[in-house]
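K.L.:
So the chains spell out like this:
2 protein chains.
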Amino acid sequence: MAKLLEGKQVTAALKAKQQEAVALLKAKGITPALAIIRVGEREDDIAYEKGAVKRCESVGVDVRVMTLPAGASQEELLALIDRVNRDASIHGVLLFRPLPEHMDDEDVRNALAPEKDIDGIGDSSLAGVFAGTKKGFAPCTAQACIEILDYYGYELKGKRVTVIGRSLVIGKPVAMMLMERHATVTVCHTRTIDMHNICRAAEILIVAAGRAGIVGKEFFSPGQVVIDVGINFDAEGRMCGDADFAAAEPIVEAITPVPGGVGTVTTSVLAGNVITAAQRGNGA
Amino acid sequence: MAKLLEGKQVTAALKAKQQEAVALLKAKGITPALAIIRVGEREDDIAYEKGAVKRCESVGVDVRVMTLPAGASQEELLALIDRVNRDASIHGVLLFRPLPEHMDDEDVRNALAPEKDIDGIGDSSLAGVFAGTKKGFAPCTAQACIEILDYYGYELKGKRVTVIGRSLVIGKPVAMMLMERHATVTVCHTRTIDMHNICRAAEILIVAAGRAGIVGKEFFSPGQVVIDVGINFDAEGRMCGDADFAAAEPIVEAITPVPGGVGTVTTSVLAGNVITAAQRGNGA
Numbered sequence: 001m002a003k004l005l006e007g008k009q010v011t012a013a014l015k016a017k018q019q020e021a022v023a024l025l026k027a028k029g030i031t032p033a034l035a036i037i038r039v040g041e042r043e044d045d046i047a048y049e050k051g052a053v054k055r056c057e058s059v060g061v062d063v064r065v066m067t068l069p070a071g072a073s074q075e076e077l078l079a080l081i082d083r084v085n086r087d088a089s090i091h092g093v094l095l096f097r098p099l100p101e102h103m104d105d106e107d108v109r110n111a112l113a114p115e116k117d118i119d120g121i122g123d124s125s126l127a128g129v130f131a132g133t134k135k136g137f138a139p140c141t142a143q144a145c146i147e148i149l150d151y152y153g154y155e156l157k158g159k160r161v162t163v164i165g166r167s168l169v170i171g172k173p174v175a176m177m178l179m180e181r182h183a184t185v186t187v188c189h190t191r192t193i194d195m196h197n198i199c200r201a202a203e204i205l206i207v208a209a210g211r212a213g214i215v216g217k218e219f220f221s222p223g224q225v226v227i228d229v230g231i232n233f234d235a236e237g238r239m240c241g242d243a244d245f246a247a248a249e250p251i252v253e254a255i256t257p258v259p260g261g262v263g264t265v266t267t268s269v270l271a272g273n274v275i276t277a278a279q280r281g282n283g284a
Numbered sequence: 001m002a003k004l005l006e007g008k009q010v011t012a013a014l015k016a017k018q019q020e021a022v023a024l025l026k027a028k029g030i031t032p033a034l035a036i037i038r039v040g041e042r043e044d045d046i047a048y049e050k051g052a053v054k055r056c057e058s059v060g061v062d063v064r065v066m067t068l069p070a071g072a073s074q075e076e077l078l079a080l081i082d083r084v085n086r087d088a089s090i091h092g093v094l095l096f097r098p099l100p101e102h103m104d105d106e107d108v109r110n111a112l113a114p115e116k117d118i119d120g121i122g123d124s125s126l127a128g129v130f131a132g133t134k135k136g137f138a139p140c141t142a143q144a145c146i147e148i149l150d151y152y153g154y155e156l157k158g159k160r161v162t163v164i165g166r167s168l169v170i171g172k173p174v175a176m177m178l179m180e181r182h183a184t185v186t187v188c189h190t191r192t193i194d195m196h197n198i199c200r201a202a203e204i205l206i207v208a209a210g211r212a213g214i215v216g217k218e219f220f221s222p223g224q225v226v227i228d229v230g231i232n233f234d235a236e237g238r239m240c241g242d243a244d245f246a247a248a249e250p251i252v253e254a255i256t257p258v259p260g261g262v263g264t265v266t267t268s269v270l271a272g273n274v275i276t277a278a279q280r281g282n283g284a
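Protein sequence lines correspond, in order, to chains A and B.
Mind the numbering: the first sequence is residues 1 to 284 in the numbering used here, read in order.
Mind the numbering: the second sequence is residues 1 to 284 in the numbering used here, read in order.
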């Protein structure tokens, strides 16, 4: 029976700290505020948005949701970003992606003011994560993995960590953040040969493959800590991760559930980043 | 007896291509030009500068060396960078670092125009390497490792590669570039436990530890390809790498010599990047 690394306890701990920080800011007349910019009406975006709004409000962070129709022009989106960049009452911006295909992802994400880029999508934030500097923000999901490991007290220094997935929102940034914390990191992906042996050798396994249940029994080993970043829906419509939970559970030392694991913590990290941005902007 | 992966053959192949590209540019009235900016008189910088000038001239790339005294102010350096940025006849800039301690490294390196940042030091280039986009330039030494592997015909896809070192000039960027080429990459560093076993398991070993001979016999295994990025001097004043060449040579399949390996190729990559910058700038 593996220990369950539940997100709600991490979130509760973060919440207490965040409420304190917000109280301090409000005493100075500052209310941390997040702008959510959404183009179109994708279900995933709307679901995440709901969770983000709820979480932010629970710690005292204001949220303003700004939407554009899926057919909006890039100019309209850039104009909106420009307005938000110049609005001193907004401290952080969450921009849903992928953008509609007629838009240039790079131009749009780099239009965001780096100091408001609280989900780490612009080049300045990417360079910060790559270089291991503290400026900018890391993508919230990558940071959520680290928060869980920290909360449950797992030392990262010198640990062998395998990351499955090399995306720019999770695989690559979490690898850099783990390396910064002195872990020895291996990144696996679709072209990796003998992946199960590489995963079995890991003390900590971060699963961000992007497909339901493809990480099975042969990837796990006793003593392992498994962080499952996947969010998928099975044939019965139930939410599930990328790891085969039933297969992992009798083998590994600890594992995050899906739902109730990484996803739960991500919006907490988002709220925390807005607060940090507000603190930075006001020299607190 | 390991095969010697000599840099001079890689350089010769690159030179032929580069001379052709320069001829095409010159036919259009464009001479690719590199500005080298050096603050102070550090021996290492001057040695590298000499090699870079020679290599660039051998393929028809102009070089302008611009120096400032070690005591120059950051404002003077930024003014020089600004001049070079605005000079349309200069296509690439090499800025020696580390800078004197009274200067802010981040401010200075990000002052370089991204399209002229041919050694990949600015945030825009770092983000490009991290994201795996083709824009910007990778650090020349990291690219030199890839050029050697490509020239000698080593497939990277699916290969297990271990990188020793996590610096921003070589370890991290070469790891990202190898990942982009579909290798399975592990990055080791000073906090890595059991490093020799991790290295022995690698099919390709990139050694950028930064200390002479610290990678000994127990790190090598038969069939391995070793790329040694180190440049050190032994007690007798002879140049040597980070790998113990004498120990590796009877075991591994192939290894780069030091001198005559990666270092030789780095200035070729530098010249090539200036040419690419000139091509991009002129839409060739």
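No lab work stands behind these hints: they were computed from the structure.
The reader is advised that the hints may include incorrect statements.
As the list claims (entries may be wrong) - No more than 30 Å apart at the CA atoms, straight line, and that leaves these computed lysine-lysine pairs for BS3-like: (1) 15/B - 26/B; (2) 217/A - 54/B; (3) 26/B - 157/B; (4) 28/B - 217/B; (5) 134/A - 54/B; (6) 26/B - 50/B; (7) 3/B - 135/B; (8) 134/A - 50/B; (9) 50/B - 17/B; (10) 54/B - 157/B; (11) 17/A - 217/A; (12) 15/A - 134/A; (13) 157/A - 217/B; (14) 15/B - 54/B; (15) 15/A - 54/A; (16) 15/B - 3/B; (17) 8/B - 135/A; (18) 54/B - 135/A.
A quick note: this is a predicted structure, and the numbers were derived from the prediction, not measured.
K.L.:
Taking the hints in turn, state whether each one holds.
P.N.:
Outcome of the hint check:
Distance restraint check for residue 15/B and residue 26/B: the Cα-Cα separation of roughly 16 Å lies within the 30 Å cut-off, and the hinted pair is therefore satisfied. A distance of roughly 57 Å separates the Cα atoms of residue 217/A and residue 54/B; the hinted pair therefore is violated under the 30 Å criterion. With a C-alpha separation of about 37 Å, the suggested pair residue 26/B and residue 157/B falls outside the 30 Å cut-off, and the hint is violated. Restraint check: the Cα-Cα separation between residue 28/B and residue 217/B comes to about 53 Å, which exceeds 30 Å; the hinted pair is violated.
With a C-alpha separation of about 39 Å, the suggested pair residue 134/A and residue 54/B falls outside the 30 Å cut-off, and the hint is violated. The straight-line distance between the Cα atoms of residue 26/B and residue 50/B is roughly 24 Å, inside the 30 Å bound, and the hint therefore holds. Between residue 3/B and residue 135/B the alpha-carbon distance is near 34 Å, which puts this suggested pair outside the 30 Å criterion. Under the criterion of a C-alpha separation no larger than 30 Å, the hint pairing residue 134/A with residue 50/B is inconsistent with the structure, at around 36 Å.
Note on residue 50/B and residue 17/B: the hinted pairing holds, with a Cα-Cα distance of about 22 Å set against a maximum of 30 Å. Using a Cα cut-off of 30 Å, the hinted pair residue 54/B and residue 157/B is violated, with the two alpha carbons roughly 35 Å apart. With a C-alpha separation of about 38 Å, the suggested pair residue 17/A and residue 217/A falls outside the 30 Å cut-off, and the hint is violated. With a C-alpha separation of about 22 Å, the suggested pairing of residue 15/A with residue 134/A holds against the 30 Å cut-off.
Distance check on the hinted pair: residue 157/A and residue 217/B sit about 26 Å apart at the alpha-carbon level, within 30 Å; holds. Restraint check for residue 15/B and residue 54/B: satisfied, since their Cα atoms lie roughly 12 Å apart, inside the 30 Å limit. For a cut-off of 30 Å, the pair hint linking residue 15/A to residue 54/A stands: about 12 Å separates their Cα positions. Proposed proximity of residue 15/B and residue 3/B is supported: the alpha carbons are some 23 Å apart, at most 30 Å.
With a CA separation close to 41 Å, the supplied pair residue 8/B and residue 135/A exceeds the 30 Å bound. For the hint pairing residue 54/B with residue 135/A, the CA-to-CA distance comes to about 39 Å; that exceeds 30 Å, so the pair is violated.
Violated hints for the displayed structure, listed by number in ascending order: 2, 3, 4, 5, 7, 8, 10, 11, 17, 18.
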